[in-house]
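> Starting from the known structure of chain A, arrange chain B on it as the hints suggest.
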Amino acid sequence: MIAYLCAIGIIALIYCLLALGLNLQFGLTRLVNFGVVAFFAVGAYTSGLLALQGVPLVLCFVAAAVLSGLLALPIGLLSLRLRDDYLAIVTLGFSEAVRISIQQESWLTKGVQGLPGLPKLFASWGSGVSDMAIFATLLAVVAVVAWGTVRLAASPFGRLLKAIGDDEPALSALGKDPAWFKVQVFMLGAALAGVAGAFYAHFITFITPEQFIPLITFYVWMGLVMGGSGTVRGAVFGSLLLMVFLEGSRFAKDWVPGVSEVGMASLRLAAVGLALILVTLYKPNGLFGGKS
Amino acid sequence: MTWIDFVNLLINGLIEGLVVALPALAMTLVMGVNRFPNAATGDMLTTGAYAAVAVQLLGGWPLWAAALGSMVVTALVSAGSYTLIFRKLAGRPMVSSMLAAIGLGFLLRSLISFFAGHDQRTFDLPLVRAWNFGGIRILPTDLAIAAVAAACLVVVFVLIYRTSFGRQLRAVADSADLARASGIRANGLMLSLWLLVGALSSLGGVLLGMKAVVSPEMGWESLIPAFAAMVLGGIGSPVGAVLGALLLCVVQELAVPLMGPSYKLVLSFVVLALVLLVRPAGIMGRVQLVR
Chain A
1 MIAYLCAIGI IALIYCLLAL GLNLQFGLTR LVNFGVVAFF AVGAYTSGLL ALQGVPLVLC
61 FVAAAVLSGL LALPIGLLSL RLRDDYLAIV TLGFSEAVRI SIQQESWLTK GVQGLPGLPK
121 LFASWGSGVS DMAIFATLLA VVAVVAWGTV RLAASPFGRL LKAIGDDEPA LSALGKDPAW
181 FKVQVFMLGA ALAGVAGAFY AHFITFITPE QFIPLITFYV WMGLVMGGSG TVRGAVFGSL
241 LLMVFLEGSR FAKDWVPGVS EVGMASLRLA AVGLALILVT LYKPNGLFGG KS
Chain B
1 MTWIDFVNLL INGLIEGLVV ALPALAMTLV MGVNRFPNAA TGDMLTTGAY AAVAVQLLGG
61 WPLWAAALGS MVVTALVSAG SYTLIFRKLA GRPMVSSMLA AIGLGFLLRS LISFFAGHDQ
121 RTFDLPLVRA WNFGGIRILP TDLAIAAVAA ACLVVVFVLI YRTSFGRQLR AVADSADLAR
181 ASGIRANGLM LSLWLLVGAL SSLGGVLLGM KAVVSPEMGW ESLIPAFAAM VLGGIGSPVG
241 AVLGALLLCV VQELAVPLMG PSYKLVLSFV VLALVLLVRP AGIMGRVQLV R
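In order, the protein sequences belong to chains A and B.
Each step along the first sequence adds one to the number in my numbering, with nothing skipped, and position 3 is 3.
Each step along the second sequence adds one to the number in my numbering, with nothing skipped, and position 278 is 278.
If you're looking for bench data, these hints aren't it; they were derived computationally from the structure.
Just so you know, even glycine gets a beta-carbon here, dropped at the ideal spot from N, CA and C.
Heads up, a few of these hints could be off.
[To be verified] Pairwise CB distance ranges (calculated):
(1) Leu76/B / Leu281/A: 16 to 22 Å
(2) Val259/A / Trp61/B: 29 to 35 Å
(3) Ala140/A / Pro261/B: 15 to 21 Å
(4) Phe157/A / His118/B: 35 to 41 Å
(5) Val256/B / Leu59/A: 52 to 58 Å
(6) Asp167/A / Trp64/B: 35 to 41 Å
(7) Leu274/A / Leu139/B: 37 to 43 Å
(8) Ile8/A / Val72/B: 44 to 50 Å
(9) Lys176/A / Leu10/B: 46 to 52 Å
Chain A on its own, in the form it takes in the complex:
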């Protein structure tokens, strides 16, 4: 039971990290990133591939963050010229393009077979202990990122980001150029997603392209929107709520007799879809968010 809770906790914290990254991009700066999973995937694959070459895990994590961040640079530059609806579809298309490339370039990524046997974080400490150590490390990382986000939001830089989200033309009229800040924040959010991906790779120890479908992006969105975008509280509690939702529906199988495993997966996806619709309709500011 403890092992199960620990695993759930780790996944929840990984979603938390993704949500905090998205919160920087969308919550603060109103950059609509529908391709979160692309940066998550690149982080996971970068770290996993390097680790298989014997690179120390710490460096793998750094590389995951850097590469995911750099990958966001062209998209961030593109975002300067796009309205949010275009940006949404472009990022969605980008994430699918990344997934297909990972699937096709099997010389590098082993294609659909995926990468098995990735080294686990803290593996030398024994299986039960290593999970707890991963949990603790993630908790610390999420805490630091959450604290950093709060500080950032309160700083002049953060106020600038918020101003970009609220009223960009007014900001330009004041003589500030929002472009570079947008790119920076896009890259920062992507780097966080990359770190989340590295944690995922070195916790699950087996990654395939199938794990990086757009659904993951919308899990993160659902968590953020449920919690209330624009606040750290919203991102954190929203991701926890998402986890209750996802895991709870796993248990719901016991109460819905006569439904197969595959059927249950369909029902879960249906529940996610319905939740996305209902939250946008009735709780646009989220459960923990302030008034907009």
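Chain B alone, transformed into the frame defined by chain A:
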């Protein structure tokens, strides 16, 4: 690659383009009037294809009758989604409508896979041999697909450019406030638009299913190409959507010998990004849509 291969790819690209033009047109109509990219368009296609499969299975009807039945079903689903969801989100930030559309897409797709399973299905069609003109092969089925798609496009264009429904629609697309001030009743007009968009998507799904196979993921996979076609043609421009779809699919087909079929979607994305960078208003679009 000989010129005969080239012609074969060209023909295939044109036929695919005519099919992709249907969802691209459906998207551009909603984008022009309701001002958000309807990300559920792809799954509306899937709904149409499965509705036709269901009608064929239940009634043992010929495919054309099944297609008509599915157009009715999908049009109702589409109009229902407008009434229950998108009408209420009008005036809210565009992201709300997009997220709801993604949610609707998930919902439709998962209900379909729950009841119909994940297996691929095919329509009950007679097997025919391709005509061969000295190496240039044409499938009679493909010809039928192209003819139906083209006929459907003609009907929609007549509706948009030759009827009062179309005139009112274009008036709302140009300026919703002005249209309201001049006495256009938005509610009935919007319902008709969403019925039309649903029927259009349904036919797109059936034709796509005839060309390849019917699967729960088929529509989602055509979302990015349809969007790329719409942007390529210029958002809000019906003619542009059709031209964009033809151009995109021809380019995709011609690129298959170079990069293999798996990278088609990646190519759609690249085309999309390049168009947005180089000519954001698209082939037929107006510059005012770009910030």
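> Now tell me if each hint is right for this structure.
Hints versus structure:
1. Leu76/B / Leu281/A: 16 to 22 Å: holds (20 Å)
2. Val259/A / Trp61/B: 29 to 35 Å: holds (31 Å)
3. Ala140/A / Pro261/B: 15 to 21 Å: violated (46 Å)
4. Phe157/A / His118/B: 35 to 41 Å: violated (48 Å)
5. Val256/B / Leu59/A: 52 to 58 Å: At roughly 40 Å between Cβ atoms, Leu59/A and Val256/B fall outside 52 to 58 Å, so the hint is violated.
6. Asp167/A / Trp64/B: 35 to 41 Å: violated (54 Å)
7. Leu274/A / Leu139/B: 37 to 43 Å: holds (40 Å)
8. Ile8/A / Val72/B: 44 to 50 Å: Check passed, 45 Å falls within 44 to 50 Å.
9. Lys176/A / Leu10/B: 46 to 52 Å: The hint (46 to 52 Å, Cβ to Cβ) holds, given that Lys176/A and Leu10/B are roughly 50 Å apart.
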